[in-house]
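Going by the working numbering, the residue at position 100 of the sequence shown is 101; the numbering climbs one at a time, nothing skipped.
Hint data in this document are derived by calculation from the structure and do not stem from the laboratory.
Computed from a predicted structure; not experimentally measured.
Warning: the hint list may mix true and false statements.
Claimed, not checked - Lysine-lysine pairs mimicking PhoX-like chemistry, simulated, CA-CA at most 20 Å apart:
no., residue 1, residue 2
1, Lys130, Lys62
2, Lys14, Lys62
3, Lys104, Lys66
4, Lys14, Lys104
5, Lys14, Lys66
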Amino acid sequence: MEVAKVSEFINEKCYHFANFLVDDDLQASQLALDVMQSFLAEAPESLSKIETDALRFEFFKRIYKLASVRRNHFKVDQHLDLSGRAAFFLTYVYQMPLLEVAKITASTEEQILAKVVSVRNSILSEQSKERGL
2 MEVAKVSEFI NEKCYHFANF LVDDDLQASQ LALDVMQSFL AEAPESLSKI
52 ETDALRFEFF KRIYKLASVR RNHFKVDQHL DLSGRAAFFL TYVYQMPLLE
102 VAKITASTEE QILAKVVSVR NSILSEQSKE RGL
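All chains should be modelled from the sequences, with the hints used to inform the complete structure.
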């Protein structure tokens, strides 16, 4: 297992996704670490294959599921639902195909597209309010 690759993936990909979902550094770090620990407990040898899309997909899926379970404990902006936040981030930031995002969030591709547009509009609206436009 290449610890550097796993660490890089957790720090650069998983953490940022988790942080966008929960908008709290400590909780995002905990989500990413808990998911990594679950992989280590189940199949430590799988982490040596961190480059594979299937493993990366599983990391994002588990972070999303764990964030869904812990959602009520986070002080997250509730007007953006978790699946919408996940869809927006994975689609725009990581340019993940809609089908994969749909599988992660247990939604249809059409629902994902609608959520991405809705979250995008909400973010733009918030930015306009902040700028006084």
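Against the structure, the hints come out as follows:
Our distance criterion of 20 Å between C-alpha atoms is broken by lysine 130 and lysine 62, whose separation comes to about 33 Å. Annotation: proposed proximity of lysine 14 to lysine 62 holds, straight-line Cα distance about 13 Å (limit 20 Å). Annotation: proposed proximity of lysine 104 to lysine 66 holds, straight-line Cα distance about 12 Å (limit 20 Å). Proposed proximity of lysine 14 and lysine 104 is supported: the alpha carbons are some 18 Å apart, at most 20 Å.
With a CA separation close to 16 Å, the supplied pair lysine 14 and lysine 66 stays within the 20 Å bound.
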